[in-house]
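Peer 1: Using the sequences provided together with the hints, build the complete structure.
Keeping their order, the protein sequence lines are chains A and B. Each number in our numbering corresponds to the 1-based position in the first sequence with 40 added. Each number in our numbering corresponds to the 1-based position in the second sequence with 372 added.
Hints in this document: simulated from the structure, not taken from any laboratory. Do not rely on the hints blindly, as some may be mistaken.
Said to hold, decoys possible - In silico DSS-like links for lysine-lysine, alpha-carbon gap of 25 Å or less:
#, chain 1, residue 1, chain 2, residue 2
1, A, Lys80, A, Lys130
2, B, Lys572, A, Lys157
3, B, Lys541, B, Lys525
4, A, Lys93, A, Lys80
5, A, Lys93, A, Lys141
6, B, Lys463, A, Lys157
7, A, Lys157, A, Lys130
8, B, Lys463, A, Lys130
9, A, Lys100, A, Lys80
10, B, Lys529, A, Lys80
11, B, Lys541, A, Lys141
12, A, Lys130, B, Lys572
13, A, Lys141, A, Lys89
14, B, Lys514, B, Lys525
15, B, Lys572, B, Lys463
16, B, Lys471, B, Lys525
17, B, Lys471, B, Lys529
18, B, Lys514, B, Lys529
19, B, Lys541, B, Lys471
20, B, Lys529, B, Lys541
21, B, Lys471, A, Lys80
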Amino acid sequence: MANRNQIPTSNSALIAMIADEDTVVGFLLAGVGNVDLRRKTNYLIVDSKTTVKQVEDAFKEFTTREDIAVILISQYVANMIRFLVDSYSKPVPAILEIPSKDHPYDPAHDSILSRVKYLFSAESVASGRR
Amino acid sequence: MEVADHKTQSLENGQAAEEEVDEIENDNVLQFMDSMDAYLTLVHSLSSTLRQGWLDLASARHSMGAYRLNTALLDHTSHPAATSLLVDEGKEPHFTLCKWRSSGNEKLLLGEEQSSHDKSHPQLRHRGATLLSEEKTSFENKASCEIDDQVQKERSKSLSVFGTLVSPKLRAAQLSFETALETLVEIANTRSEMLRAFDKVNQKSGGSKD
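Peer 2: And the structure:
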């Protein structure tokens, strides 16, 4: 009976976060935080002591969990594991790059926009006109 | 003569088919451009909302003290998320935000459905239609009040991690981040639309995928 609240409904999914302290605290205030029975959280707070390996492991864990639908990742953190983020192509969980306090959003680094930007290159326009 | 007419007709049909294909391609490109524009607009809006949230958090930290507002106080006991997503994985995934959902809210919603089912029971047909609609409205109002109360309780529970008495700026930060969550869900849906439109444009142009 005590575990009933731990079982999610059939379609509900979590929002995971890999971001700086203030961003994570803010979203936890909004009720996004989840801790399962194994004390695993759906967030990783990235600070000066967080290693790239820890960020990579968290990203890989969140992208393989079935109960996570969206992963929020600060763009400057995504830049630390850019190769991993850009090579990820599944629709769910969706990876959303968000700005952080000290690093504003840069569309040039967004992995989704990078994927589609080739459509606007001169070569692609010229080849379409042939 | 008949052969010439046939050739002219097939040429016209071919041209019409080409025009139709071009129109579809143009529609796909327009759809892609629209979704990309919406994506960038939403990201810009998200940046503003987050900035407000960070400012409110900084103000709350200033008034409450840094020791009262830090990650060491976070609840690491097992608990479910009060805010989650509903995912519809059709042709393109669609996300719906469920804010402050708890077992209480679900019970209230189930109760509402049960009541609307009961209203179709034959016994209630003896009452007038006006009386029925009044009863339904008052039930809905009562249910929405109860849900609002439950939502406020969940909000307070989330804030209580940082103490019983919290700065109004912390409450403001909570609302800002709730708004940011709504924007993020819109961004996720727009992202799916953009990728789908991009795939359509890619297929038609026969360009190489990334």
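Peer 1: Hinted pair, alpha-carbon criterion (25 Å max): B:Lys463, A:Lys130. Please report holds or violated.
Peer 2: holds, 13 Å
Peer 1: Regarding the pair A:Lys80 and A:Lys130, is the alpha-carbon distance no greater than 25 Å?
Peer 2: Holds, because 23 Å separates the two Cα atoms, which is no more than 25 Å.
Peer 1: For a C-alpha distance cap of 25 Å, please report whether B:Lys541 and A:Lys141 respect it.
Peer 2: holds, 17 Å
Peer 1: Decide if the proposed pair is consistent with the structure: A:Lys141 and A:Lys89, CA atoms, cutoff 25 Å inclusive.
Peer 2: Distance of about 18 Å is within 25 Å: holds.
Peer 1: Given the hint that A:Lys157 pairs with A:Lys130, test it: the Cα-Cα distance must not exceed 25 Å.
Peer 2: OK: A:Lys157 and A:Lys130 at ~19 Å, within 25 Å.
Peer 1: Are B:Lys572 and B:Lys463 close enough, with their CA atoms no more than 25 Å apart?
Peer 2: With a Cα-Cα distance of about 13 Å, the restraint between B:Lys572 and B:Lys463 holds, given a limit of 25 Å.
Peer 1: Taken at face value, is the distance from the CA of B:Lys525 to the CA of B:Lys514 at most 25 Å?
Peer 2: holds, 17 Å
Peer 1: Take the C-alpha atoms of A:Lys100 and A:Lys80, compute the straight-line distance between them, and say whether it is at most 25 Å.
Peer 2: holds, 14 Å
Peer 1: What's the verdict on B:Lys529 and B:Lys541, does the C-alpha distance respect the 25 Å limit or exceed it?
Peer 2: holds, 16 Å
Peer 1: Hey, B:Lys514 versus B:Lys529, does the alpha-carbon distance stay inside 25 Å?
Peer 2: holds, 22 Å
Peer 1: Do the alpha carbons of B:Lys463 and A:Lys157 lie within 25 Å of each other, as the hint requires?
Peer 2: holds, 23 Å
Peer 1: Decide if the proposed pair is consistent with the structure: A:Lys93 and A:Lys141, CA atoms, cutoff 25 Å inclusive.
Peer 2: Holds: A:Lys93 and A:Lys141 sit about 23 Å apart, inside 25 Å.
Checked against the numbered hints above, the structure breaks none of them.
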